[in-house]
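Chemist: The listed protein sequences derive, respectively, from chains A and B. Residues in the first sequence are numbered from 1 upward in steps of one, following this note's numbering. Residues in the second sequence are numbered from 1001 upward in steps of one, following this note's numbering.
Keep in mind that the hints were calculated from the coordinates and are not lab data. Glycine residues also receive a C-beta, built at the ideal position from the N, C-alpha and C atoms. Hints are supplied without guarantee of correctness; some may be wrong.
To be clear about the criterion: a stretch of chain A counts as covered by chain B if any three or more of its residues have a C-beta under 8 angstroms from a C-beta of chain B, and this derived list gives those stretches [as the list claims (entries may be wrong)]:
1) 36–44
2) 91–97
3) 208–215
4) 218–227
5) 262–270
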Amino acid sequence: MRLLNTFSAALMAAATITLGAMATDRAIAQDKPTTIYLAVGTTSSEYWQEVIWGAEQVAKSVGAKVEVYESGFDGQKHMQQLGAILAAGCEGCAFAWFPDSTAFTKAFVERAEAAGAFMTTMWNRPEEIHPWDTAPEAWIANISFDGIDSGYQNGMALCKAIGGEGGIAVLKGTPDNPPSKQREIGLLKAVSECPGMKILDTQIGNWGQTEGQTITRTWIARYGDGLKGIFAQNDGMALGAVAALREKGLAGKVPVTGSDGSSDVLKLIQSGDMLSSMRISSHMHGAVSAALAYAVASGDLKIADMTEAQRDFFLEQTLATKENVDEMLESQPDPAAYSYEALKANFWARSKGQIPVGVN
Amino acid sequence: MQQTRLLSADAGALASPNVGEAGAQRRTAGAGLGRALKSAGPLVALAAMVLVFSMMAPNFLSVANLQAILESAAVPAIIAVGLTFVLVQGSIDLSGEGVASLTNILLAILIANSITPYDLGLGAVLVAIGAGLGFGLLNGMLYAYLRMPSLIVTLGMWLITLGLAALLFPSRQPQILDGRFVGLALDKHLGISALVYLAVAIALVALVVERRTRLGRIGFAIGADEALVRLAGINVGLYKVAAFAICGAMAGVAGIFTAAQIGVGNPLAGEGLLFPGIAACVIGGTLLSGGRGGVLHSLVGVLVLVTLRNGLVQTGTNPLLQKTIEGVVIVVAVAASTWHLRRKTRVVK
Chain A
1 MRLLNTFSAA
11 LMAAATITLG
21 AMATDRAIAQ
31 DKPTTIYLAV
41 GTTSSEYWQE
51 VIWGAEQVAK
61 SVGAKVEVYE
71 SGFDGQKHMQ
81 QLGAILAAGC
91 EGCAFAWFPD
101 STAFTKAFVE
111 RAEAAGAFMT
121 TMWNRPEEIH
131 PWDTAPEAWI
141 ANISFDGIDS
151 GYQNGMALCK
161 AIGGEGGIAV
171 LKGTPDNPPS
181 KQREIGLLKA
191 VSECPGMKIL
201 DTQIGNWGQT
211 EGQTITRTWI
221 ARYGDGLKGI
231 FAQNDGMALG
241 AVAALREKGL
251 AGKVPVTGSD
261 GSSDVLKLIQ
271 SGDMLSSMRI
281 SSHMHGAVSA
291 ALAYAVASGD
301 LKIADMTEAQ
311 RDFFLEQTLA
321 TKENVDEMLE
331 SQPDPAAYSY
341 EALKANFWAR
351 SKGQIPVGVN
Chain B
1001 MQQTRLLSAD
1011 AGALASPNVG
1021 EAGAQRRTAG
1031 AGLGRALKSA
1041 GPLVALAAMV
1051 LVFSMMAPNF
1061 LSVANLQAIL
1071 ESAAVPAIIA
1081 VGLTFVLVQG
1091 SIDLSGEGVA
1101 SLTNILLAIL
1111 IANSITPYDL
1121 GLGAVLVAIG
1131 AGLGFGLLNG
1141 MLYAYLRMPS
1151 LIVTLGMWLI
1161 TLGLAALLFP
1171 SRQPQILDGR
1181 FVGLALDKHL
1191 GISALVYLAV
1201 AIALVALVVE
1211 RRTRLGRIGF
1221 AIGADEALVR
1231 LAGINVGLYK
1241 VAAFAICGAM
1251 AGVAGIFTAA
1261 QIGVGNPLAG
1271 EGLLFPGIAA
1281 CVIGGTLLSG
1291 GRGGVLHSLV
1301 GVLVLVTLRN
1311 GLVQTGTNPL
1321 LQKTIEGVVI
1331 VVAVAASTWH
1341 LRRKTRVVK
């Protein structure tokens, strides 16, 4: 009997300590998160490496760490990873998450909401849902880049390069991705303003270098001198197109445009093998996504105080051309500009405005 | 059990050798034409496709377009040749995409490039091929000696090599600055790059290995009836390891070729090589259950797939429809080439 009493007392004591510890943990989690959970499409690309770098600068400046979750663009994998993180108890956690396609966005933010966590999303938001109408207490913001502007500016650069006259061919990414749709809308706008520029053919290259190269080879054989320019919806396919043109000694003679502004493409623009690419502020993409998630999770920012324009916005981007590419290649990002304190002064300092209706 | 069957078969042959021999001769005469038709099936399909596309698109048969087809076929051909050695044994190797990605980035950071200070020249190529060979050997040994299913071993190796490629990736795609290496894709002889000639040379060597060496012949025998080969006292494990080593080395070469074609290192360069590679082998008439097919068959399969992709672009087919058409062609081609086997209970491993 005495033994039993001692045992139960010990059990009670253990339970109190455990519960107490859990309560303190939770309080700390709500006060200042120690981890920022970052989902990326792949770690094997320059863009995503820069996103990680941006998020890490924010975390470092507040003594937190970034945990990176890679999916290889497989939404199911991110779903499992998120499930595993949330299962351990994650009230007040900070997530900067990449939905691999628009089909997963709603599921991610609703899971975060059910767990009492906070989430910013990058790139993929379905047209009909927004942070303020779906999981509004958990989905802080969706942050992307203006694909229409990218398509339009690259399209106009191409128009100028071919003297406003001639046939171009289009390498498209994955058809259901908002960036692919947006860049196409932008290009069509440029074509309507440049009536001499005709689209000869559009092919799906799925964002890939090798596919871009194979398709471009076929175009060169099909159109010969009639092919005056190539509009690639991203840098990967543009690199493939340049490689195919180079095989025929046509690199630099047939202008190629891309989008992302990765360093290898910037070098091709510098050497004249490529015409232009939209350089997105990828470091900033990671930093702002992480900083907003951290700000809400730590109580520095209240979701209720945020306007719609602050919860669904584009970040700034610059068209890289021969004129400004030297400067772009020389400039190195300054970690101080990506610290939490620096971003907190105005999280939306680099915003280019709310994402309009009808582009996702 | 196996042994009894063998003995009784021997006894039957001994009892009436003439009947058996005469029967065999009659069968060969009749089946010869049939077999020729069957193995020519994929070739006929290729010819039909060329005919249809050339009627629909005037540029299809132009020299420039045929060159484009050959350039695009070089890498898939290397992958298919390697896979053939594994498939005829009735095994499978899924690790090609990972291995090719790994050798691609490995080569790009070891040869003169824009990111790392290394400049090993030909050494980088050898290291990359060595890596492919090494992972192939590992695949083969795990499969043959630890008796693990090749599907699972190579699936694991696919992820391992892809992960290693991501680890080696120096945050930015290294541009390859070695002019001689990039020249493999850029310098043309008779309008065709060295990569195509190299691919043809590799295919010829593979053909000789398949037809003229024990490795090739025993590979087919293992696929047809492994137990029989074991009974003959042959070290089956050794031949299995050799097949996987060849396959791994070929995946490594494919990664190197891709690096020369694109001119940069990309840790995802191998993406999209595996399923067209397997499909090409099967379209050409190499059975997944082993024992049939071969290097030439697989090469025809590669040409069918590459010509199809090229033709669909040349004829201006709706891009959203192209994947569907590709799928239909694969299913129809496989159904046609394996129709005569449908009654035999061949397990698809």
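Chemist: Taking a Cβ-Cβ distance under 8 angstroms as contact, does the segment 36–44 of chain A have three or more residues in contact with chain B?
Modeler: holds (count 3)
Chemist: Does the segment 208–215 of chain A contain three or more residues whose Cβ lies closer than 8 angstroms to a Cβ of chain B?
Modeler: holds (count 7)
Chemist: Three residues or more, CB to CB closer than 8 angstroms: is that satisfied between the segment 91–97 of chain A and chain B?
Modeler: violated (count 0)
Chemist: Report holds or violated for chain B covering the segment 218–227 of chain A, Cβ cut-off 8 angstroms, minimum 3 residues.
Modeler: holds (count 6)
Chemist: How does the coverage statement for the segment 262–270 of chain A fare against chain B, requiring three or more residues with Cβ below 8 angstroms from a Cβ of that chain?
Modeler: Since three or more residues must qualify, the claim that chain B covers the segment 262–270 of chain A holds, with 4 doing so at under 8 angstroms.
This entry does not satisfy hint 2, going by the numbered hints stated previously; all others are met.
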